[in-house]
Structures are given as structure tokens and as C-alpha cells.
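Colleague: Spelled out, the chains give:
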Amino acid sequence: METPVLETLWDAVTRHGAAARRVLYDRHGSCTLSALAGGSLFTDLESLRGRCVLIATREQLATAIALVELDGVARRMVLCTPDLSATALAEVAAMAQADLIVCGAGEAPGAVPLEVRRLAAQPLAAPINRRASHATEWILLTSGTTGTPKLVLHTLHSLAGALPRAAPADERCVWSTFYDIRRYGGLQIYLRALLGGSALLLSAADEPPADFLARAGAAGVTHLSGTPSHWRRALMSGAAAAMDPKYVRLSGEVADQPLLDHLRAAYPRARIAHAFASTEAGVAFDVEDGLAGFPVSLLGEGRGGIDMKVEDGTLRIRSSRNAARYLGEGARPLEGGGGYVDTGDLVEMVDGRYYFRGRRGGVINVGGLKVFPEEVEAVLNADARVRASLVRGRRNPITGAIVVADVVLADAARAAGNPEAVKSELLDACRRALPAHKVPAMLRLVPALELTAAGKLVRPGA
Amino acid sequence: MSIRDTVVSVFKQVAGDQGRTLAPLNDDLKLTDCGLDSLSFAIVVSSLEDELSVDPFNSADWVEFPVTFGDFVKLYDHSHA
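Chains as they are written, first to last, in the working numbering: chain A, 28 to 489; chain B, -16 to 64.
Everything labelled a hint here was simulated from the structure, so no lab data went into it. Cβ atoms here follow ideal geometry from the backbone N, Cα and C, with glycine treated the same way. Be aware that one or more of the hints could be misleading.
[As the list claims (entries may be wrong)] Under 10 Å between C-beta atoms, here's a sample of chain A residues computed to sit facing chain B:
no. : residue
1   : PRO235
2   : MET263
3   : ASP283
4   : PRO285
5   : HIS289
6   : ALA292
7   : GLY394
8   : ASN423
9   : PRO424
10  : ARG458
Build out the structure end to end from the sequences listed, making use of the hints.
Modeller: Encoded structure:
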């Protein structure tokens, strides 16, 4: 018999017992983890052993269960985000060398030339062999400069190494998150709940925040996590009082002081933490003193298995939770010198505290979603009337930043007049090619763009 | 144009640009029911910053998140005063 090389997600989930109380809920239904001891969403789980699997379900609950079932069984699992176009899905499948795609009950996977497995809506009772044979690779998608997602290779250990494994002793703990669990921030909460022995309430795309908060209140959610943008939207829904969390967590974007103060007022009894994490570097630290930024004392080596330093103005992190590498041809290495990952986040010290000041390279963070300016500029520059364009972030109190573009028209286009029509056609082209958060919210026609001495566009920190 | 008229016209403009259906705007309408998503709100706030030269969300006097359309207009009325 092969021996398991690593503890799997299923091992970790069952170690706490009381699995009947361990429920995964979404808007449409629920599944107890105990049902997976004698049943499966797959009709023939054993045939997935050693396979390289794209998980592309519409609803989060199906993915949540598939991850438990496939960790230790599949050679590689790729967590596809719900916004992938058919083209991007095919590119991801090729880069990940996938040989199978998993989708939800009644769903069609799109035009991907792979064997398709549809999950049952509920576990089908059957004898299941949950023996671990593979140290399964977890592949997460993250935005890239070209519009094709980058694939980041993780393991359960690199994703969950920092998470507490024991449930809070005598209190019922129910986690929830505004995030989609197929993105890094949401996946962290999913693993926290499963490894920590608690239940988990999943969000749904397009669910009004008041409905989600009411569901969270009814399910007795005690721990809720989201981006600062999610939390602003919750406060603006007027339904924040529908729930009474013990723990409020913010990550994925810079948490500003006004928001932290408003959350303190809305949830006076809750612990309020803002965390720094990135898909590449893993979770780095939590701040719970109610103040924006983080104290200088967090820098240094060996704090909770994490080394942090600031070099050339950006935050660098080294830990065993760093993703191993990007996947795909020509992928650049993740790590710089000495095993440190450059997060690209610019920080500035003021009175013994570091504050985030945007991103190096101009990456724009819109409500927790990364936008590379080059990707948007490529769409604008594809129009023959455009001579040059510069896309940058503009600070915004609702989503942290929005995307704005400055465009220089070619002489002929300028001479032809009717600039408003040109603007609106350029924006239409962006809307066809890009998801909404990447489309410039404002587009200005300008006579020229500033260049550096080396002839490159001047990119301000967003 | 009054502050309210400016706010209404920016809501309509952004809803049109973002392909969203705007509910009839009145003071009691909840912002989360008006048809705009987070991104659209973000654009509304930046557009109003350009039109009115104020960003009440970044002001020290900002005490509460607006919940209704009426709250939202009031926030700009006070900041602009």
C-alpha cells in the first residue's frame, strides 16, 4: 500500500470529528462534510486518481466539495475563476496540461477539448476510497499583463501552512466571506474554516449585499472576511446590523482609517483585523490594533515563520508559504534574491508605521482585483486612430482605485474631428475585450504623454 | 444646476455607460437597490469629484456611510456648503 506523502484536506477535515455540524452552505443549498465519508459528487472518483483536473463549476459549493474530494487524489487541480472567457479557459487548460474538466450538475464547460465530468448536486452514497496517493498541486489563477491569466503553483501546505488547525474550544464558529473561494483571499477563508473545524457560508455572484448579510445573520456567522470594497458596500447596504460577527477581517486591498473606524462603530464587539496577503507570497501578517498600515516592528526575520523587509521602497516577503513557481512557458521566476518575493507594494514609513502607497509598475487594484495597465493599453492601441495611451489608477474611496486612460490620437484622427465619437468607440472596444473592472472609467484625449529620459511612459504609482 | 440635479445626472450617465438599469431615484431609495454595482458607485464618486470638486468620503466630517439616495445627496450638499 502506498503511504500518504502529506496530510490531505480530507485528513485534516476528519481529524476534528463532529463532521455532521460541519456544513458548507450556499444560496441554494448545503452539504455536510460527514456525507462525504460514504458518498461522493463524482460517479467514479477512483478514475480521477493521478489526473490533471480543471475545476470550472458555476456555483462555489460544487468547487468547495470537489477540492475536498480531489486533494490527495488528483495530480493537479486548477481552480478556474467564474469570469474566464472560453478562450482564456482553453489557454489555461493548455498551460496547465489539463486532461479533464469538472463542471457542476447541468453545466456545459464551453469549447474545451477535454473529457468532461459533471458533479452530482448532492453526494451519491457509495463506498469511497479516500486514500491519498498524490501530493496534489493546487493551481490558482492571477491576472497577468497580457489578458491571459497567470497560473500560480501552490500545495495545501503553502496555502494553509499559516492557518490555525484547532477549532476554538467551546464556541461555535461559522466562517463566511464575501470573496469567491476560487480567488486567493476566498480560498484562505475556505481553508481556515475546513482546517479549523467550523462551518462555512459561501457567497454568490450578483447576490445583493443585504440578502447576503441576512443569510449570514440567519446562519449565525461569527467570522466574516472581505476586501475593504466589500465592507464599504456592506455598510452602504444599510443591512450591516443583520449580523453580529465576533471577527471582521479585511484583506486584498489597503484598509484605510475611515473604513476601520466605520466598522468599529458598526460592530463594537468584534475583533477587526486587516491582513496583508498576495497570491504569490501567501498570507504575511494580520494587524488588529484598529489603525491603518502596519507597525515597523513586524519587519525582520523569523516572526511566525515569515521574514519581511523593505527594499527599494517595496515590501519583500520570504516564507515556506511562498508559491513554488508560475506555470507555463517563459514564466519568470517568482523569487528575487535570497528567497524573498517582491510583493510590488510600495510602502512609506511615517512615525514608526508603514503605510501602503500603491503598486510598483502601476498595477491597479480595483476592489481587490488586479489590473495591469499594459493589458488595457494593448486594447486601446489596437485601434489605428490611437498613437499612444497611458492607463493608470485613480484613487477612489469606494473601490480603492478605478482605471483611467489618457489617449493621444494620431494626426489624421485628430484632424477628422468628432473626438466624443472616437472616445465612445474606444470604450466600446474595451468593453468587448475586457471585464468591467478593467475598462477605463474615464478616458481623456490628451495632446501628448510624458516620457522618461529612456523614452518610456512615465507611470505614476497608482 | 443644483447639487441634486448634478448627482442625478451623473447617476444616469454612469448607469448608461455601465449598461445598468437605474431605478427611479427618490430620497428613500436604498443605494444598493438603485441598480448600480460597486464599480459604478466608484465611478459616480470620481465623476462627482470632477464636477463638484469635493470628495465627501475623504473628508474629516464624514460620519456615516450613505444608505439611501437621499443620504447620498445630503453628503454632497453638506460637503459643498
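Colleague: Now tell me, hint by hint, if it's right for this structure.
Modeller: Quick rundown of the hints versus the structure:
| no. | hint | in the structure |
| --- | --- | --- |
| 1 | PRO235 | holds, 6 Å |
| 2 | MET263 | holds, 5 Å |
| 3 | ASP283 | holds, 9 Å |
| 4 | PRO285 | holds, 6 Å |
| 5 | HIS289 | holds, 6 Å |
| 6 | ALA292 | holds, 8 Å |
| 7 | GLY394 | holds, 6 Å |
| 8 | ASN423 | holds, 5 Å |
| 9 | PRO424 | holds, 3 Å |
| 10 | ARG458 | holds, 8 Å |
Going through the hint list in order, the structure satisfies each hint without exception.
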